[in-house]
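Colleague: Make the full structure from the sequences, and use the hints.
There are 2 protein chains.
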Amino acid sequence: MNDISPDIDPALIDRFAAIVGEKYALRDQQDIAPYLMERRGLWHGRTALVLRPGSVDEVSRIMRLATETGTPVVPQSGNTGLVGAQVPDMSGREIVLSLSRLNRIREIDVLSNTVTVEAGVILQTLQEAADAADRLFPLSLAAQGSCQIGGNLSSNAGGTGVLAYGNARELCLGVEVVLPTGEVFDDLRKLKKDNTGYDLKNLFIGAEGTLGVITAAVLKLFPKPKGREVAFAGLSSPEAALSLFSLAMDRAGAALTAFELIGQRPYDFTLRHAPGVVRPLSGDWPWYVLMQISSGRSAEDARALIEEVLSAGLEQEIVGDAVIAASMAQGDAFWNFREVLPDAQKPEGASIKHDISVPVAAIPQFIERAAGAVQSVSPGAREVCFGHMGDGNLHYNISRPVGGDDEAFLGLYHAMNKAVHDVVRSFHGSISAEHGIGQLKRDELIATAPPMAIELMRRVKTAFDPAGIMNPGKVI
Amino acid sequence: MNDISPDIDPALIDRFAAIVGEKYALRDQQDIAPYLMERRGLWHGRTALVLRPGSVDEVSRIMRLATETGTPVVPQSGNTGLVGAQVPDMSGREIVLSLSRLNRIREIDVLSNTVTVEAGVILQTLQEAADAADRLFPLSLAAQGSCQIGGNLSSNAGGTGVLAYGNARELCLGVEVVLPTGEVFDDLRKLKKDNTGYDLKNLFIGAEGTLGVITAAVLKLFPKPKGREVAFAGLSSPEAALSLFSLAMDRAGAALTAFELIGQRPYDFTLRHAPGVVRPLSGDWPWYVLMQISSGRSAEDARALIEEVLSAGLEQEIVGDAVIAASMAQGDAFWNFREVLPDAQKPEGASIKHDISVPVAAIPQFIERAAGAVQSVSPGAREVCFGHMGDGNLHYNISRPVGGDDEAFLGLYHAMNKAVHDVVRSFHGSISAEHGIGQLKRDELIATAPPMAIELMRRVKTAFDPAGIMNPGKVI
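If you're matching them up, the sequences are chains A and B in order. For the first sequence, the residue numbers in the numbering used here are -14 to 461. For the second sequence, the residue numbers in the numbering used here are -14 to 461.
Misleading hints may appear alongside valid ones.
Stated by the list, open to error - As a list, the in silico DMTMM-like pairs of lysine to aspartate or glutamate whose alpha-carbon atoms are at most 20 angstroms apart:
id : chain 1 : residue 1 : chain 2 : residue 2
1  : A       : Lys209    : B       : Asp391
2  : A       : Lys209    : B       : Asp235
3  : A       : Lys211    : B       : Glu293
4  : B       : Lys211    : A       : Glu293
5  : A       : Lys211    : A       : Glu113
6  : A       : Lys211    : B       : Asp235
7  : B       : Lys211    : A       : Asp286
8  : B       : Lys211    : A       : Glu292
9  : B       : Lys338    : B       : Glu285
10 : A       : Lys209    : B       : Glu293
11 : B       : Lys211    : A       : Glu113
12 : B       : Lys209    : A       : Glu113
13 : A       : Lys211    : B       : Asp391
14 : B       : Lys209    : A       : Glu293
Unchecked claim - Partial list, computed: chain B residues near chain A (C-beta under 7 angstroms):
id : residue
15 : Leu96
16 : Asn141
17 : Gly143
18 : Glu168
19 : Gly182
20 : Asp184
21 : Met234
22 : Asp407
23 : Arg410
24 : His413
25 : Met437
Derived from the structure by calculation, the hints contain no laboratory data. All residues carry an ideal CB built from backbone N, CA and C; glycine is no exception.
Modeller: Below is the structure:
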C-alpha cells in the first residue's frame, strides 16, 4: 500500500474527477482504502481514483471517457461480494466506480407489485420500504445491512428466500444499464410477460459488472405473509432431511419459505463459539433442519401447517425431535443461530470453503461422497456442512484437523477444492451456487466448464465489451 | 405452390438426406405441405426438404453441413406458433428441421422435482407424464394437444399458468442446444442455483430458433394441487377487476392460479357462436373474471379460500355477482368458455389482433385509452378484450364494425396496430407479451424498440450465428 504513485495519467484523473466533482472523486489513499479490500481481507487491489457519481448521466459520461481512453473500470456497490469481483487488480491502472450515491427508491407501485430502485440502495433499506408499503421484498442474506441492489443483481444473489421466491434474477423485471461506451440500455419495465426479442436483461444479471453497469432495476414485490412459524428439527441423516423436505413441500407447497440443513459439527461450533446463542433442541442429533412456513392467511394458519408437517414427520419417524418457536423472538433466535454459523467456524482454525449446488435429490449422496474425498486429501479434516437444502445449495466448508497447522492446511486449498468440486461435477452440480466467479473461481471455471460454454461466454463478452474495459479479469 | 423446382443443389439435398435416412428426409411436396403453413394460414413458405432427425447427433450433423454449405435452416416443432417463426420463407433456399422425432421424456426425478425432456415431446404428453408421477407441470395453453416443448421454450410460451408458476423461461432449469456449427452446448442441469458465468440458457429461450436449436431441456415440476376451485364473477369495470385481483392476491397469494379478464363483447360472442357453451352467470355484466384457486392442502381448503375471496368482493361491492363451479365438470366448462373465446370471434367478421402487456395497475387506463385509439382509426370497430389480467397481458382484438367490409377493415391493419401499440408504448408495455416476434412483428420491433436494444440483439445474433443460417429473417 506504500506505492501510491498513480499508474494513470494525472491529467486523465482530472478529466474523470471533473465529471463527478472533486468532492466525489477520491484520490487520497486513506479515503480510497475501504474500496480496495473486501471485508474478509482476501482480495486487495490498487487504484488512484474512486469515482462516486450521483446520477446515471454521470455514470454514462464516466464510461464514455473510459472507452475513449481505454481505462478499465471496476463497478462496486456495497463491497460485500465474496469472490473478489468488486475489487480492482494490483496494476493500479483500473479505476473504481462506486454506485453507492445512486440510492433512490424511484417508485413503489403497490398495485403492480413492483419497486423501481437504484443500484446503490442498501438491501435492508429496500426491505423496510417494502414493509412500510405493506409488501414483502423477499431477498434476504447475511450482508443485507450493507450490500446494495446493484451488487445483488450483478451477482444474482441468493440467500434464504430463494426456495419460495427465487434468486435475484427471478425477482427482477427490468434493468437500466450503462454500457461500456456510456450508452444507456433502458429496459426499466414492470412487465411480467414480454416476448420481444432476446433476453438481454438476464445477461447483465449475474455478469458481475463485466458487461455493463447496472444503475437501476424494477423488482417484484409480494404480499406480506400474515403468519410465520419457525421450527428446529433433529434428524438422523441427510436422507431423513430429504424426506422431510419432500413431506413439507407436499403439505405446505409455496408456504414453505425456508428449509436449511445444519450438520452436527457447525451446530456444535455455534453452541461453543457464538456468544449468546441458545441451544434450540435439548438432545443432540447428527443433523438439524431449520424450517420456516409463512402463511398469506393468518398466524393460526401458519401454526397449523407447521404442526401438521412436523407431526407427520415424527409419526413417519423421519424427524427425531422438533421444536416450534414459541414466539417471534424465539423464531428470530433460531434464525440468528443459522446466521452466525459461518463465523462460529473461525475459532476452529483455518478452513477451506465451498459454495456448491447439486440436484436436491442428490444431497445425501453428495454429502457421503464428498466426505470421502475430503478425508483422502486431509485425513482428520472436519466437514462443516450446512446450507439451503431446499435449493440443493450447500456451504460445504472444511475445517483443519483438530490440533492441525493452519498454514499447512491452507496449502491444501487447491487439492481440496478439486476433490470437492470433482464430486460436485459428478452430480452435474455447480461450483458456485450463489457467490459467483469473480477472481476466486475464474481459472477453475475456464479450466473445467464445458469448452463450448466458455467459448459462448467469451463471444458475449466481446460483443458487449469489445475494448475489454469492463471489470477485466473477472468471470471470464 | 406449383413451382416446386428445388432451389437447393440436388446433390446437397442428398447429403442432408443421408444424415437422417431417406425415410425421414421429406422431398415430396405433398409430404412437405404441412410444414409450410401454420394452422391459421397466415404464413406460407417453400422448401425442397424437410429433415426429421431422430437423435441429437443427427441434428448436430445437419447443422454442421448447413454451416459448411451456408444453407439456412428453419427449426420447427409443433408448428403452432402464431407469428410465423417456424415457417420457411418463399425463397426455397431454406430447409426445415423438424424436432418432432426427438420425443423422449428422458427422466422424471420426483425428489428433485425435475423432468428432462426432448424438444419434440407434445406439451400435453408431458403434462400427463407429470400427473402420472403425482406432479404438476403447469405450462398450459390452448395448443397443448399439438405444440411441443422445443417450440414452447423457443417462444417462451405463456398461457394460463403464468400467474402462479411463471412462463416457459421460469420453468426451465437447463437446456441442450445444437449451435449453428453443429457443436452441442450441453447445459442440462437440474440446479435451482448456479452462478457460474453468463446466463446463456435464457438467451436461447425465447430466441425463436435464431441462435441455435434447443434439443432437450430440464424443466421444473411442482406438487399437484389437492383442491381446485373455479369461479366466474360479473363486475362493473376494469377498475373493479383490478380491485378483485388485489383482494385475491392478498387473501390467496400463490394459491391464486388464474385470473382471467373477459369483456362483455367476447362473452356475448361466445354465447352466440360457440356450440354447447353454457352461460356462466344469469345476469349480464360489462366485465367478467374467471378466477381459479388451487390448494396444496385439500379440496375443502380451496373451497373455503375462494368463498372467502368472493364474499369479501361482494361485501366490498367490487363483485356484482359470482358463481363457484359446483363440480369439476362445471369448472372445466368455465375453462372451456375461456378457451373458445378466440374462435367465437370469427363469425363476427375480420379482426385485427394484439397480444400486449402493460403493468397490471395500468390495465384499466390502457383499456380506456386504447378504445379511443381504436375508434379514431375505425369508428364502430368493436374491441374484443380478454386475457391474463393477473400478468398484465391482454389479447386486445378488434372486430370490424357491424355490417362493415372485411377487406376494407383489414386494410387498416397497420394503422390499427400502430394506434394500439402506441398506447401500449405510452405505458412502457410490450407489443408481444407471449406470442413472440417471428416474421409478424419483426419490422415493428426494429422500428420502435430502443435502438440500443436492437443493437445489442444484433451483436448477440452475430456472436452466436455469424453466418446467419439460423432461422434467418425472424426476430431480428
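Colleague: State for each hint whether it applies.
Modeller: Consistency of the hints with the structure:
1. A:Lys209 <-> B:Asp391: Given that 20 angstroms is the threshold and the Cα spacing comes to 50 angstroms, the pair is violated.
2. A:Lys209 <-> B:Asp235: holds (8 angstroms)
3. A:Lys211 <-> B:Glu293: Since the Cα atoms of A:Lys211 and B:Glu293 sit roughly 16 angstroms apart, the hinted pair holds (cutoff 20 angstroms).
4. B:Lys211 <-> A:Glu293: The hint holds at about 16 angstroms.
5. A:Lys211 <-> A:Glu113: holds (16 angstroms)
6. A:Lys211 <-> B:Asp235: Since the Cα atoms of A:Lys211 and B:Asp235 sit roughly 10 angstroms apart, the hinted pair holds (cutoff 20 angstroms).
7. B:Lys211 <-> A:Asp286: With a Cα-Cα distance of about 17 angstroms, the restraint between B:Lys211 and A:Asp286 holds, given a limit of 20 angstroms.
8. B:Lys211 <-> A:Glu292: holds (19 angstroms)
9. B:Lys338 <-> B:Glu285: Roughly 40 angstroms separates the two Cα atoms, so the pair is violated.
10. A:Lys209 <-> B:Glu293: holds (18 angstroms)
11. B:Lys211 <-> A:Glu113: violated (35 angstroms)
12. B:Lys209 <-> A:Glu113: violated (34 angstroms)
13. A:Lys211 <-> B:Asp391: Distance of about 54 angstroms is beyond 20 angstroms: violated.
14. B:Lys209 <-> A:Glu293: Holds, at roughly 18 angstroms.
15. Leu96: Check passed: Cβ of B:Leu96 comes within 3 angstroms of chain A, closer than 7 angstroms.
16. Asn141: holds (5 angstroms)
17. Gly143: holds (5 angstroms)
18. Glu168: holds (6 angstroms)
19. Gly182: holds (5 angstroms)
20. Asp184: Holds: closest Cβ of chain A sits about 4 angstroms from B:Asp184, inside 7 angstroms.
21. Met234: holds (6 angstroms)
22. Asp407: It is violated, given that the least Cβ distance between B:Asp407 and chain A is near 15 angstroms, above 7 angstroms.
23. Arg410: violated (11 angstroms)
24. His413: holds (5 angstroms)
25. Met437: Holds: closest Cβ of chain A sits about 5 angstroms from B:Met437, inside 7 angstroms.
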